[in-house]
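Line by line, the protein sequences give chains L and D. Numbering (my numbering) for the first sequence: 1 to 304. Numbering (my numbering) for the second sequence: 1 to 310.
I should point out that these hints are in silico values taken from the structure, not numbers from a laboratory. Even glycine gets a Cβ: it sits at the ideal position worked out from N, Cα and C. Check the hints yourself; a few may be wrong.
[Unchecked claim] Okay, the calculated bits of chain D under chain L, using three or more residues with CB under 8 Å as the criterion: (1) 113-125; (2) 142-151; (3) 255-264.
[Claimed, not checked] Result set (SDA-like, lysine to any residue): computed pairs, CA atoms no more than 20 Å apart in a straight line: (4) D:K225 to L:K30; (5) L:K188 to D:K225; (6) L:K30 to L:G47; (7) D:K254 to L:G48; (8) L:K216 to D:L68; (9) L:K216 to D:P64.
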Amino acid sequence: MPANRFNGFSDYGVGIGLRIPHYQHILSRKPVVDWFEIISENYMVDGGRPLEILDQILEQYRVVQHGVSMYFGSADPLNREHLRRLKALVRRTGTRWLSDHLCWGSVDGRYTHDLLPMPYTWEAVEVTAQKIRQVQDFVEVPVVVENVSSYAEFHVSEMSEWEFLTEVVERADCGILLDVNNIYVSSKNHSFDPFIYLNFVPAHRVAQIHIAGHSKFEKYILDTHDHPVLPAVWRLYARAIERCGPTATLLEWDDNIPSFDEVHAEALKATKFLKAAAEAASEAAIPAVEAAAATLPEPAGASR
Amino acid sequence: MSATTRVPDSSPRLHRGEGGSQLLDIQRRMAAAVMHPLTRAETMPRRRRDGASNLAEAEAIIRPNNRLTSFERLEIYNRQYWFRLYSSFEEDFPGLQAILGRAKFDALMRAYLTDCPSESFTLRNLGSRLDAWLAEHPEFVRPHAELAHDMVRLEWAHIEAFDSEEKPRLGAEQLAAIGEDSTLRLQPYLRVLALSYPVDDLLLQVRNEDGSSASSANNASAARKRHHVRRVAALAPKPIWLAIHRLENTVWYKPLSREEFHLLAALLAGRTLSQAIDVALASSSIPDADRPAFLQETFAGWAMLGWFTQ
Numbered sequence: 001m002p003a004n005r006f007n008g009f010s011d012y013g014v015g016i017g018l019r020i021p022h023y024q025h026i027l028s029r030k031p032v033v034d035w036f037e038i039i040s041e042n043y044m045v046d047g048g049r050p051l052e053i054l055d056q057i058l059e060q061y062r063v064v065q066h067g068v069s070m071y072f073g074s075a076d077p078l079n080r081e082h083l084r085r086l087k088a089l090v091r092r093t094g095t096r097w098l099s100d101h102l103c104w105g106s107v108d109g110r111y112t113h114d115l116l117p118m119p120y121t122w123e124a125v126e127v128t129a130q131k132i133r134q135v136q137d138f139v140e141v142p143v144v145v146e147n148v149s150s151y152a153e154f155h156v157s158e159m160s161e162w163e164f165l166t167e168v169v170e171r172a173d174c175g176i177l178l179d180v181n182n183i184y185v186s187s188k189n190h191s192f193d194p195f196i197y198l199n200f201v202p203a204h205r206v207a208q209i210h211i212a213g214h215s216k217f218e219k220y221i222l223d224t225h226d227h228p229v230l231p232a233v234w235r236l237y238a239r240a241i242e243r244c245g246p247t248a249t250l251l252e253w254d255d256n257i258p259s260f261d262e263v264h265a266e267a268l269k270a271t272k273f274l275k276a277a278a279e280a281a282s283e284a285a286i287p288a289v290e291a292a293a294a295t296l297p298e299p300a301g302a303s304r
Numbered sequence: 001m002s003a004t005t006r007v008p009d010s011s012p013r014l015h016r017g018e019g020g021s022q023l024l025d026i027q028r029r030m031a032a033a034v035m036h037p038l039t040r041a042e043t044m045p046r047r048r049r050d051g052a053s054n055l056a057e058a059e060a061i062i063r064p065n066n067r068l069t070s071f072e073r074l075e076i077y078n079r080q081y082w083f084r085l086y087s088s089f090e091e092d093f094p095g096l097q098a099i100l101g102r103a104k105f106d107a108l109m110r111a112y113l114t115d116c117p118s119e120s121f122t123l124r125n126l127g128s129r130l131d132a133w134l135a136e137h138p139e140f141v142r143p144h145a146e147l148a149h150d151m152v153r154l155e156w157a158h159i160e161a162f163d164s165e166e167k168p169r170l171g172a173e174q175l176a177a178i179g180e181d182s183t184l185r186l187q188p189y190l191r192v193l194a195l196s197y198p199v200d201d202l203l204l205q206v207r208n209e210d211g212s213s214a215s216s217a218n219n220a221s222a223a224r225k226r227h228h229v230r231r232v233a234a235l236a237p238k239p240i241w242l243a244i245h246r247l248e249n250t251v252w253y254k255p256l257s258r259e260e261f262h263l264l265a266a267l268l269a270g271r272t273l274s275q276a277i278d279v280a281l282a283s284s285s286i287p288d289a290d291r292p293a294f295l296q297e298t299f300a301g302w303a304m305l306g307w308f309t310q
């Protein structure tokens with residue numbers, strides 16, 4: 001399950017987000033990191049230092065692209081210039097899959113640069129799924145969509161967020177970047193059980209998982225990516241891995257960014273969950289393989 | 001799989017947009033609230049400048065919960081929008097902030113971003129219309145209008161030089177084949193400016209050179225991030241000419257003579273070599289006898305910097 005058509009049948013382990021304060025450390029020390037996730041928009045430029053750094057990283061590491069402004073859920077048509085630049089970057093990085101958010105953020109050609117929540121309506125399902133398909137056709141790599149943290153819900157919603165996510169990915173036939181921190185944040189902001197969400201999501205479509213820290217305020221939680229992962233989020237992550245198997249996992253840390261070693265150590269806490277899932281999967285697989293083997297006919301000419 | 005259909009809350013004030021799109025209508029209405037300027041206390045105003053009630057709009061669109069009203073939930077996004085734009089704009093224009101000081105810079109930033117919201121998928125282009133906007137709104141930079149305008153032009157040229165394309169340089173044989181009717185192509189990252197104030201030294205003092213100004217991210221901010229820039233004393237005017245270029249992926253400000261500036265500007269405008277030379281030397285004080293040497297040295301220097309491209 002973890003290596004599936006939505007993540008290019010890859011076997012990525014634990015990665016971290018590539019961030020400017022860590023450039024020098026990574027390039028000079030060359031730490032062992034399974035993979036890096038980049039924010040696509042920060043490298044969709046024509047030249048200069050961003051691409052020079054990226055090319056140096058690509059010589060040493062596997063990189064996956066994560067976007068923040070495709071806005072699959074916007075009623076606006078797709079931005080052709082954005083798509084053209086994105087595809088050029090896809091060719092440069094060799095990303096095995098491409099992610100962006102299940103949200104909207106632009107209207108009438110004006111951009112908010114935020115991940116705004118969707119009204120969970122059937123019209124929005126149709127619009128969003130259609131745009132995901134268009135992007136997937138254009139960039140020619142699997143597209144996976146990430147659930148966002150949200151702070152508001154719409155009167156017009158006709159289904160839950162997890163139902164909406166499932167409807168969209170089924171109709172678009174795309175993968176999911178399951179952000180367990182975002183599920184937690186939204187569950188607190190909208191008073192639902194995060195495990196209901198997690199248990200509903202089609203596990204076979206999960207291509208990647210995000211973990212991150214958040215900030216608690218008196219009346220709501222904000223997805224700030226400026227803390228270590230909280231225990232409640234690790235519990236959700238454990239359940240996600242239980243359902244999905246050992247899946248490519250990435251820690252996001254975008255504000256008050258500590259040293260590279262600190263960020264990497266936090267990310268590597270996910271390893272024990274992945275190992276446990278891998279061991280469980282192999283233990284379950286042995287009897288299954290033996291059982292499957294027992295049903296096979298004797299090969300012709302086999303020695304006795 | 002089929003989702004459990006939920007009956008939406010009654011919301012009689014919701015309309016359908018073009019083509020009967022409820023999605024478009026909601027997005028337009030939410031964007032209007034989110035992109036509306038905050039109050040001076042950085043909260044969402046109850047009433048918009050056009051008289052519309054944010055309170056009524058929030059209640060029409062957003063469902064409240066047991067802790068937050070519809071208005072408060074919408075306000076989270078209104079604040080996030082401005083915090084993100086302020087942060088990006090402040091990182092891009094520290095020189096302007098140093099000239100204007102905090103309060104005037106804040107007022108300019110709020111007005112500019114209200115008049116010129118982002119029309120690009122990347123925050124890198126947020127300040128692309130500031131130069132033109134300032135020309136129409138000098139009241140925001142008085143009494144330092146010309147100084148501020150010079151700084152904005154340099155700061156935008158810096159952003160352009162930072163990540164514009166670098167094309168392959170002309171080789172020695174190609175350079176030798178250049179004739180007086182040739183049209184030379186210059187690097188896309190190269191910009192030239194004629195300025196009334198020596199703002200280059202000032203910008204070097206205040207600019208953060210980590211290239212993070214255009215960074216996009218997908219996290220929320222708990223509070224507005226301030227970029228502290230020390231206000232500087234007003235500079236004395238002094239005409240300067242600059243080439244803003246990139247060498248080994250670092251942006252440089254190269255002082256030019258008046259003749260060099262006009263020569264480069266003419267080449268960038270697509271003039272032939274001979275036409276550009278005529279423009280550059282039209283009112284030059286360089287003696288006729290020294291002009292061949294001047295041109296030879298100038299072009300050799302620019303070729304070494306890799307400015308001529310295929």
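### Task
Enumerate the violated hints, using their earlier numbering and listing them in ascending order.
2, 3, 4, 5 and 6
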